[in-house]
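Chemist: In terms of my numbering, the sequence shown opens at residue 1 and continues consecutively.
Hints in this document: simulated from the structure, not taken from any laboratory. Remember, it's a predicted structure, so these values are computed and weren't measured experimentally. It cannot be assumed that every hint is accurate.
To be verified - The list that follows gives simulated cross-link-like pairs (lysine-lysine, DSS-like), each with its CA atoms no further than 30 Å apart:
no.	residue 1	residue 2
1	75	102
2	262	289
3	279	289
4	279	75
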Amino acid sequence: MKFHHRLFRRRGLTENGDLVKVEVVVLVDDNAQSGLHAAHGFAALINCFYKKEEVKILFDTGPDTTLLNNALAMKTELGKVDVIALSHGHYDHTGGLLDAIKTIGRRIPIVVDPEAFSTKLAYKPALTYIGTPFQPWQIEAAGGTLVLTVKPTLLARGVTLTGRIERRIDEPSVKGLYVVKDGVIVKDEVPDDRALILNVNGRIMIVTGCAHAGVLNLVDEALRLTGANSIAILIGGLHLFNVPRRKAEDIARELKRMNVSKVAPCHCTGERGLEELRKVFGDSCIPLKAGSTYWLSFFA
């Protein structure tokens, strides 16, 4: 299937057309099923099934060779990936990118915010670079075609990478992240943070890498973009690991109030966040790890 690239310019998410089923395969996570490698980071293969064809989207690439090791162990065919999308410019989501491109073995679009290539830093305890390990020229030389966008971007029928997420809801700000701007180290609000929104016959799935913009802001953005009144499933890192317990509880309850039906947390959600999500969502909280698979179709 040809790669479709245009900016999404309307209020509602592009019509789902004939997207009838989606499979999310977690390839990299902080936790892993037996026989797979765990690594701090996230990567998922999104298999989109249409009436007459299939599209494979690689969303994030983990921190290193864990992506390739797990893909090989799971017999996942990275060589058939059609497009790569990156949630933001931290190493734990971009470190496996060159390996992925080389494994795919042909020129492939890499959709990402230009801010992902800024100089991102943290104190661990000394000043440490935590940004994308590769420069744009290295990605292009490896076989990637950078598609630098800041607005919602259509990846395939029914699949959109959000633009920069509007921070309309007051949520705990990201702590300990910095970036170089105009020769000065300042707090990084991670404006490049983005997520996937998939429309499966009117059922909306969100897949996020870290939700640095705030998970409530992300859900709000998805509802506004799609015009939907509910989210079937929210998958990925929800960045609740360093949020006070009471605030994590408030966020979980607000997600429920916003008509999120199911949550499938992993990566940076943290044990505290997972506990509060389980209290609110019960069996509709489905923790994922490397090796996990989640299906969404019109019927289930």
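Chemist: All hints, please: hold or fail.
Modeler: Do the hints match the structure? See the list:
At most 30 Å may separate the alpha-carbon atoms for a hinted pair to count; residue 75 and residue 102 meet this at roughly 17 Å. For a cut-off of 30 Å, the pair hint linking residue 262 to residue 289 stands: about 16 Å separates their Cα positions. Between the alpha carbons of residue 279 and residue 289 the distance comes to roughly 20 Å, so the proposed pair stays at or under 30 Å and holds. As the CA atoms of residue 279 and residue 75 are separated by approximately 35 Å, the hinted pair breaks the 30 Å bound.
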